[in-house]
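Asks: So the chains spell out like this:
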Amino acid sequence: MTDGPGHPPVPHPPPGDGALWVPPARLSPLVLLIDPVRMLPSLFLPLAGVLFVGGFSPSSFIWALLAVVGSVGYAAVRWATFTYRVAGDRLELTRSLVSRSVKTIPLDRVRGVDVTTPPLHRLFGLAVVRVDTGASGSGKQEGELDGVPLPEAERLREILLRRSRTVRGDEPGAVAAGAAPAGPSAVPVRERVYVRVPWYWLLYGPLSGAFLFAPFVLAGGAVGLVFQWGNELGFGDDLPIAVGEWLWQRPIVLVLIAVMLVLAMPVAGGVMYAVFNWNFTLLRRDSSLVAERGLVTRRSVALEHARIRGYEIADGLLERRAHVVRLWAIVTGLGDSRTRGQLLPVTPRKFATKVAADAIGPFEAGLRPHPAAARRRRVFRAVAPGVVLAAVAFAFGWVWAGLVALAAAALGVALGLDRYRSLGHGYDGARLSVRSGSLPRSQAVVERRAVVGWTVRQTWFQRRASVLTVVAGVGAGSGGYPAIDTGEEQGLRFAAEVTPEWITPFLKPE
Amino acid sequence: MTAPLRDPAHRVSRRAITLWALEALIGFVLLVGLSSLAASWIAGSGRRFLPDWLTDHVWWVPVALAVVEVPFIVIEPLWRYAVHRWELSEDVVYARSGWFSRKWVFVPVSRIQTVDKEQGWFERMLGLATVEIRTASHAGSSSIEGLDVAVAARLAEDLAHRAHQLRDDAT
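In order, the protein sequences belong to chains A and B.
Oh and the first sequence: position 273 is 261 in this note's numbering, straight run, nothing missing.
Oh and the second sequence: position 155 is 455 in this note's numbering, straight run, nothing missing.
Since the hints were made in silico from the structure, they are not lab data.
Remember, it's a predicted structure, so these values are computed and weren't measured experimentally.
Each residue gets a CB set at the ideal place from its N, CA and C atoms; glycine is no exception.
Heads up, none of these hints are tricks.
So the derived list for chain B, only partly shown, Cβ under 10 angstroms to chain A, looks like this: (1) 303; (2) 306; (3) 389; (4) 390; (5) 392; (6) 393; (7) 398; (8) 401; (9) 402; (10) 404; (11) 411; (12) 433; (13) 437; (14) 438; (15) 439; (16) 442.
Partner residues aside, some chain A positions facing chain B, computed with beta carbon under 7 angstroms: (17) 442; (18) 443; (19) 444; (20) 446; (21) 447; (22) 448; (23) 456; (24) 459; (25) 461; (26) 462; (27) 463; (28) 468; (29) 476; (30) 477; (31) 490; (32) 495.
Chain B with its partners taken away, still in its complex shape (with noise of 0.2 angstroms):
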């Protein structure tokens, strides 16, 4: 069983894949580079601070790492498509996002300080962008990745524009 709630109205834009593979495949090479190189000092550096079955096989590492690794470069970028939704109805921000773990935000509109719209270097590259809502606190704060361009600046704006129109200023 499942939490209680329903999905958000909007998946994010198509394209959200392409970035969240581009992301995972970056970080793939970052560890797999960095386990490497540590395994190359140990097998190197002659100490043996280690017991010898492992300084022995050392090499083993990154490989392991990188044959685990793999999978997830498809699988996280997919699985993010099927999780990640948002929605704005009823003046709520209500948005899910996550993979392995699982992640449900609710904003009222009338408790949003600021609303941005971003774009990260991949993001301009495939046209989307990311919408960050601030409000005085950061557990209810957040921000919905992977929109497309035209979409986020609309929601941006629709926000932006009724937040102002209910300011509520209890905190």
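This is chain A alone, in the form it adopts within the complex (with noise of 0.2 angstroms):
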């Protein structure tokens, strides 16, 4: 259920200045219907039980449905009690139950709002939105609007983020679609699709290695649940026991169960990963990027424009053979970047080279290798634990373990050579890249205006070797990307070359 481009327009915002006062808002009331049947599987137990107690008499049946009709009733209390508005330059989340609390977000806070719907929802077309304000950590000063209807959603994200922006006096600049200074004219919603997922390509997900152990935590929640429940079924807690012990002493079983889990790894591991990317697709609104994703719960959320700086493209081991890679957004002030700022699930890495390309900005140089030195070190970092380890077993005269380190420093020499293979750092006069890693490799691409500085590291064995690490630190993502164990005239050469002001006046003289 995605909006298509027959969206209605956007209703006209309330005027921005703040003086007039906006009537608050209340969430729809179709959310009556939602929150009990959300409740019902925490009230199944303690209805069936005084029913159970009660023999079914009358009585029994008048205090279950007294339990119904009182969550009911504190449904509709909250729903009464909560009202929401965009007040000024300020959202406003008011609930006045016995005190009164106003929880208010300044627009100028606000860095992305994310709209879900999940099934139920769905049914009824609400959605649930979230403000991010980029507070660091805690969820407390996030915003929830949990069941406004979706043509009110989309109103609301186009209001928070609009005037998010011009609240803060950002300039429209290359944002085509005008960020409107807050009048009344309402810009109609302008929507490019960049890409659409096609399914496919959900094939990729299990080389990414995600919900591999979906199997497995799908069969301990369900122990869990007949351990729970077992109690209230009426067999008691034996039987589960008991079942353990027959297993336990029918080794064949188990072990076959194991091998059935292990087997249903990447295929259950694959239809979770589908199921939480189906249908996947990028998009552009106003000045947003929308990344929408999801089968049963339909998850879209929206990063400013203005405040993506660059992107990272991270590919393992198994990926890298099929030419596949993941792409997220580098955001300032989005927490948990890496599931919030996904553009992509796993795709061709030509296609997602373009895509970010397309919706963010090329990066067009080359990456630069680093020197042998590099390459010496990044080998006997890989060896070295194995060598210790095999020594250390030798001596106490643990032969097995100690071969089976030694194995582990030969392939140590394998990953020391790839993890050289993937450094490099590069700069195409408007962003700056740097890569790194093996297992997971990543490389990340940053505008230029997002450095805030740099910091450059050099332990001594590095200065024995003539290398040094250059931290470009960006206020976004991770905060600092580094250029691992460039030459020393490179390293420095490279910061020089992205920001020369900063650099040239401290070199040496040549």
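Using the hints, put the two chains back together into the complex; each one sits in its own frame.
Replies: Pasting the structure below:
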């Protein structure tokens, strides 16, 4: 259920000068239908208990009915006492149950608006709107509107993101959609779909290793459920234990179960992955980049374009074999960018690079390799732990452990060489890029203007090898993107190339 | 050959040597104390999960640590004093720190978000202060330790003032 091109134009937003009073709005009353259904699982057992204990007498039915009415009433009271409004330059969420609490979110703090539609909500045409304020860590600062009609959700997203821009006074600049100054002139939503990921690319999912442990988690959950509900359903605690003992005495069955679980890993993982990434769509709506995904729960994450500073491309060992990658946006003030900033599921590399170039910006230079000393260091660091372990194991006389450690050390050679091949850095005049890693290899591409400073590190060992690590400090994403083990000249020339005015005054005169 | 960077202009205060020596001394006492505790526990427990030759001579561990550590109480502060330097020119803070490993930072004043002057317990005793410079990124932030209080106050003031003038909200 994506929003097609036939999306209705945004209604007039309330005037923005804050002098006018905007009436507070309520969530859709349809949430009253959703809330009790969601509470059902937790109500089920007590209700069943009441009925059983009461022997299905008329009075027990009355008690059960009271409980249901009570829960509906509670939901109704919660609904009636909660209001929200966009007033001037802030979003106010008011809950006045016993005491009155007002949560105020200044619009210039709004980093992104996240609209999700869980299955029940979708049934009633509702959505959950989450307002991301980029507050560090705790989710307390964020606002949640659980149950607004979809058009209202779209309108809110529109208003919140546009207001957050005008309040901050950012220029509309490159944003073609024209972030209208907070006037009454409504700008129709402009959409441009960059990509809809075809379903068969979801088959690449298992390569990323996502959800591989799903079968174990599901089996564990089932066992837990049996323990929890066993009593209520009347088999008592002994049954699961008896089953366990029965299994324990037949190890073959146990092994079979384990093998089945392991075999189920890629399949179940793939299915979960497909459910989460179903019909993945990346589009531009006004001045936000919107990623929509999901089969059961449809999730839509809007990233304000003016806050995107670059992107990160990652691929593991298997993924590299298949030439597929994953793509994230590097966004200022977005916590948890690895899940929220996701721009594409696992897709072919060429395709992902093109999408990144279209949606954010191309990186047009090659990556320069790092000096041979870097190779020595990578290999040494990958091999050394195995060798040390082997030495310790042999010293203690554990021959087998020693042999295993030696084998690990031998694998370390390949790993180290691969890690060296991954190293690289480059600058194309607008964006800089650094790459490192092996098992997960990742390349970051960051705009020049996002760099807020440089840190150069050199350990004693690096000094002996005449290499150093140059870290570009960036106020977005993980905060710093390192070019590991560059040559001494090379690394500083890289920094000086990106921001000459900050580095050249301090270079040694030739 | 070393990195092709010139030395930053100013050294930190000479009293910083005392500060670092005090800190190293505390580290030394903690390390030797804790390892002695561990050694007495191993010797007293009578367990045989370690080979005999190790259990019998376990008291060598804290002694060896102490012997190895002692020279560093002197070397580290002197070495640090030689390495730690800073300067503010062309609206960029350029500072070098470390001893065994080194770190250079380049923080343009236009990207500074906050400047703090901080004093720990020892620093206050010695009339020293640390200037903390924060940007939107931890990798672009830095702190200059061991400055004379007056110097630190002036630097913090200058930086805050200039940062306000140059404020560039790119991030």
